[in-house]
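A.B. asks: Listed below, chain by chain, are the residues.
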Amino acid sequence: MKALRTYVGIDLGSTTTKAVVLNDAGEVIGRGITNSRSNYDVACQVVREEAMVRTRFTLTRQAITGDPALAQVEKAFLSSLQRNFRFRQHLDQLARLREALFRAAGDPRHSAHRRELNTALESIVDGMVERAGLHFSELAVRKSDFFRDLATADYMQLAEQHSDPRGITFDMLCGLFDAAILVVENAIAQGSFETQLRGALEPTLASATLAVQEKASRLREVVEATCGAQIVETGTVGTGYGRQRLPFPKEQIRSEILCHGLGAHAMFPGSRTVLDIGGQDTKAIQVDGDGLVVSFQMNDRCAAGCGRYLGYIADEMNLGLHELGPLAQQSTSRVKINSTCTVFAGAELRERLSLGQRREDIVAGLHRAIILRAMSLLARSGGVRDEFTFTGGVARNPAAVDALRQLVQENYGERTLNISADSIYTGALGAALFARRAAQANA
Amino acid sequence: MRSFDLLPVLPEINALQSGMRKLSGDYIAEAEKHGHSEDVCTYVKCDIGMLKKGNIGPTGERLPPPDLLLLSYTGCFTFMKWFELLRQEYDCPVAMLHVPYQSEGRILPHHVEYIVQQLRTEVIPKLEAISGRRYDEDRLREMLRLSAQAEDDLVWVLESAKNVPSPIDAYFGGVYYIGPMFTAFRGTAEGVSYYRVLREEVAGRLRAGLGPLTPEGSQGKERYRLVMEGPPNWTSFREFWKMFYDEGAVVVASSYTKVGGLYDGGFRHDPKRPLETLAEYCMGCYTNLGLPTRLALLERYIREYRADGFMINSIKSCNSFSVGQLLLLRQLEQSTGVPGGFIESDLVDPRYFSAANIKNRIESYLQMLEQKRTGVNA
Chain A
1 MKALRTYVGI DLGSTTTKAV VLNDAGEVIG RGITNSRSNY DVACQVVREE
51 AMVRTRFTLT RQAITGDPAL AQVEKAFLSS LQRNFRFRQH LDQLARLREA
101 LFRAAGDPRH SAHRRELNTA LESIVDGMVE RAGLHFSELA VRKSDFFRDL
151 ATADYMQLAE QHSDPRGITF DMLCGLFDAA ILVVENAIAQ GSFETQLRGA
201 LEPTLASATL AVQEKASRLR EVVEATCGAQ IVETGTVGTG YGRQRLPFPK
251 EQIRSEILCH GLGAHAMFPG SRTVLDIGGQ DTKAIQVDGD GLVVSFQMND
301 RCAAGCGRYL GYIADEMNLG LHELGPLAQQ STSRVKINST CTVFAGAELR
351 ERLSLGQRRE DIVAGLHRAI ILRAMSLLAR SGGVRDEFTF TGGVARNPAA
401 VDALRQLVQE NYGERTLNIS ADSIYTGALG AALFARRAAQ ANA
Chain B
444 MRSFDLLPVL PEINALQSGM RKLSGDYIAE AEKHGHSEDV CTYVKCDIGM
494 LKKGNIGPTG ERLPPPDLLL LSYTGCFTFM KWFELLRQEY DCPVAMLHVP
544 YQSEGRILPH HVEYIVQQLR TEVIPKLEAI SGRRYDEDRL REMLRLSAQA
594 EDDLVWVLES AKNVPSPIDA YFGGVYYIGP MFTAFRGTAE GVSYYRVLRE
644 EVAGRLRAGL GPLTPEGSQG KERYRLVMEG PPNWTSFREF WKMFYDEGAV
694 VVASSYTKVG GLYDGGFRHD PKRPLETLAE YCMGCYTNLG LPTRLALLER
744 YIREYRADGF MINSIKSCNS FSVGQLLLLR QLEQSTGVPG GFIESDLVDP
794 RYFSAANIKN RIESYLQMLE QKRTGVNA
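Read top to bottom, the protein sequences are chains A and B. For the first sequence, the numbering used here assigns the number 1 to the initial residue and increments by one for each residue that follows. For the second sequence, the numbering used here assigns the number 444 to the initial residue and increments by one for each residue that follows.
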C-alpha cells in the first residue's frame, strides 16, 4: 500500500495545544487537542498522536464510504468504534493512574495508615472505572475531552465519599491525586493504535445492529487495512506562544500571527481582518486576499482581557467556562465595567455582587469590557474590514460574540462576521498549510 | 560650558548608563519610595534614585554637587519638572534656556533671536559668574569648528548604511556612534580623532564586505533592512539587539540617533555664527520636531536607505516620543507602502521589558516581511 503523505501543524498555546493533519490535497484529515500542561514537549507529542489517531479514523471512514457494500453502516459503526476506542484509552489511563496513586501512597510518611489509605484508593479508582463507561456511552455529554478534567471531577467526588476527617482526609487524597495525575499526563506511552483499535472493534461489533454485524468480516478487513496504513509526516510546522520550546529546527517554526492569518483565510477565504482572543494574548491581524499578513497588533505583556480572564471569572462564580456566555446573555441591564485586570477581577465581581447587582448583568459587563479592549487593538491594527473572522477559544463564547458584533456594527458598520466551530484550530491549520507549502515548494 | 572650563553632568545620560549597568531598577524603586509615581518618566526617577542612593555616577565615583543647573530642554517638557526636583535637592543657581518648539516645521529668524538673546542675557552671565571667567568667543568658535569636523565624519558613518549590505547598525550600533558627540566629547580634539578612527574602521568594513559589528562578532547575512523610530530599551539592550541580529535584521537608519541633532539633514555647527548656530542646534534636535516633520524624515529614511520595513519602539513612560506614534505608523505605511511594526518597552524601568512578548512581536513582524517578499509560498 502506498504511504500517505501528511503535513502537520502544531499550535502550542498557553492553555491548550492543537494539531492539524493535512493530506496532499490540503484537506484536514486529522485534528488533536490537549491541555498544554507543564510540559510542552509532552503536550506536543500527545497532540500529535491524537491527531494521527483521528487521521486513521478518517482513513477508516473513507474506506467504508468508498466501499458500496458498506454504504449503510458508516455512521453508526464509526461513532461506536470511536467511542469504544476512547473508552479503552481512558481505561488504560485509569490503570496508569491507579499505579501512580499507589506509588505516591507508598511514601513512608503515609506508613501509619497504609492499609486504610490503600483501601480508600482502591475504592476510588474502582468507582472511576465504573463511571468511565458512562462518559463514553452513546448519549453522554462530556464537559471536557481531556483525561485530566474527567478524572479530576470523578476522583474528587469519590474522594469526598471515601475520606474521613479523622483518618484518611480529603486533603491527603487530593495531594496523592495531584502527584499521580502529573505522572499520567507526562507519560507518553498510549499503547499502540493497532492494539487499541483491534480491542475496540470486537465490542463494537458485538453491540452493533444486525445490519452492521452482517458486514463484520468486511469491516474487520477495513480496520486491519487502516491499522496497517503507512502514514508519513512529510512536513511539520510549529507555532504558538510555546513555539520556541517545540522540538523542531528553526525553519519549521512560524509565528502564530502568520499562522492565524493563513488559517483564517483557509477557513474563510474572504477574511481581511482576523481577531484572535486566546488564553493569554489577543491578536488583531489584517490579511490580504492570499491570507498574507499585512499588519498586526498584539496585547502588551499584560494579559488583561484575554481568555484566562473569563476563566478566572468562571472559577470565581463556580461555573464552567462554557456556562459563562449563556449566563451573560440573560442580562437585561448590563453593568459598566472598566477594568479588565485579571488579578482584580475577583474583587470587582464580589464588590458588585455585594452592591446587589445581578450575576448576569455583571458578567455581561465583563464580556463587553474584554471586547472593548480587543476593539482598541483592532483599531490600532487598521480597523475592521470585511470580512471579519473571529478565532480562538473566546470565539466560542456567545456573549463575547454578541458584544463584538454590536461594537463592530457601531464603529465600522455592517461586516460579515465569520466564526468557525473549529476556530480553536485556526493557528494549527495555518501551520499545517505552511508545512504543506514548504514541502511542495521543495519537491 | 566647555569654553568656560566647566564640566557637564548629564542626568539623562547617567540614567541610561544606569539602565545598561542594571542599576536603574533599584534607583527607580528608591525614587518611588520617596513618593514618585509609577507612571512618570523613568529617566527622572532613575536620576532621582541615583541621587538619593549616594549619587554614584556611571564611573563608580561620587558625583560632586553641581555649581549650576543648566536647563535647555528640546521638545521634552518633563525636563522642566525634572530640574525643579533637582533644584529642591541642590542648593545652587539655575539657568534656563527656553527652546521654542518647531511648530511650523522650520526654524524662523525670531526663534534664533529669542535663543541668542537668552544666551547673552541669562546663560552666559551665569556661566561667567560661576566660573569666574569671561565669555571667550574665539574659544567657542574653535570648539564649534572641531565639532563640525567630527560631525562630517559622523554623517559619513551614518550614511554608510545606505550601502546594501550595510556595514553598520544605525540604531544599536548607532548608540555607540552618537555617544561621544552627544555627551562629553563634542567640540574636543578627542572627539575629532574618535570620529576619524570610526570612519576609517567603517570604511574598512565596507571594503571588506563585512556586516555590522555586534557583541557577538560580525553580523551574518543581511536579511532585513529596518528603520527604527523611538529610543531603545536600555535595561535589556543586548538582549533587545540580539533579537534583531539573530534574525538578520539590520537597522539602517533611526530617529533616536538624531535626538542630539540632525546632522545628516545638513546641519553643522558654524564657527562664524557661534551663538546663532547653538540656537539652531537646540531647535533642530529630533524631539523638538512636530509630527509632520518626523513623518517626512522617516519617509526619507525608508526611501533613501532602501528599508524593507520600519519599526516603532514605543516607550511606556515617555510621552514626548510616544504621542502620535500610532498615527505615524499608519501614515508611514500609507505613504511608503512599507509595513510597520510596533513594540512597547521602556527606557530604564526593567519591569517594562517583557522579553518573550517583544521577541514574539519582532519575529512575527520579520516573518511577515519575509512572507511579503516571497509571496504565498513563504
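Note that these hints are calculated values from the structure, not bench results. Values in this document were obtained by computation on a predicted structure and should not be read as measured data. Glycine included, every Cβ here is placed at the ideal spot set by N, Cα and C. Some hints here could point you the wrong way.
Simulated coverage check for chain A against chain B, where a stretch passes if three residues somewhere in it have a Cβ under 8 Å from a Cβ of chain B [unchecked claim]:
hint	segment
1	251-261
2	286-300
To give an idea of the chain B side of the interface with chain A (calculated C-beta under 7 Å), a few residues [unchecked claim]:
hint	residue
3	Ser-757
4	Arg-804
5	Glu-806
A.B. asks: Against each hint, give a clear statement of whether it holds in the structure.
C.D. replies: Status of the hints after comparison with the structure:
For a cut-off of 8 Å, the count of residues in the segment 251-261 of chain A with a CB near a CB of chain B stands at 5, and the three-residue condition holds. Residues of the segment 286-300 of chain A with a Cβ under 8 Å from some Cβ of chain B number 10, which satisfies the need for three, so the listed coverage holds. Using the Cβ-Cβ criterion of 7 Å, the hint placing Ser-757 (chain B) at the interface with chain A is not satisfied: the shortest such distance is roughly 10 Å. The beta carbon of Arg-804 (chain B) comes within 6 Å of a beta carbon in chain A, closer than 7 Å, and the hint placing it at the interface holds.
Given hint, Glu-806 (chain B) at the interface with chain A, holds; its Cβ is 5 Å from that chain's nearest Cβ, closer than 7 Å.
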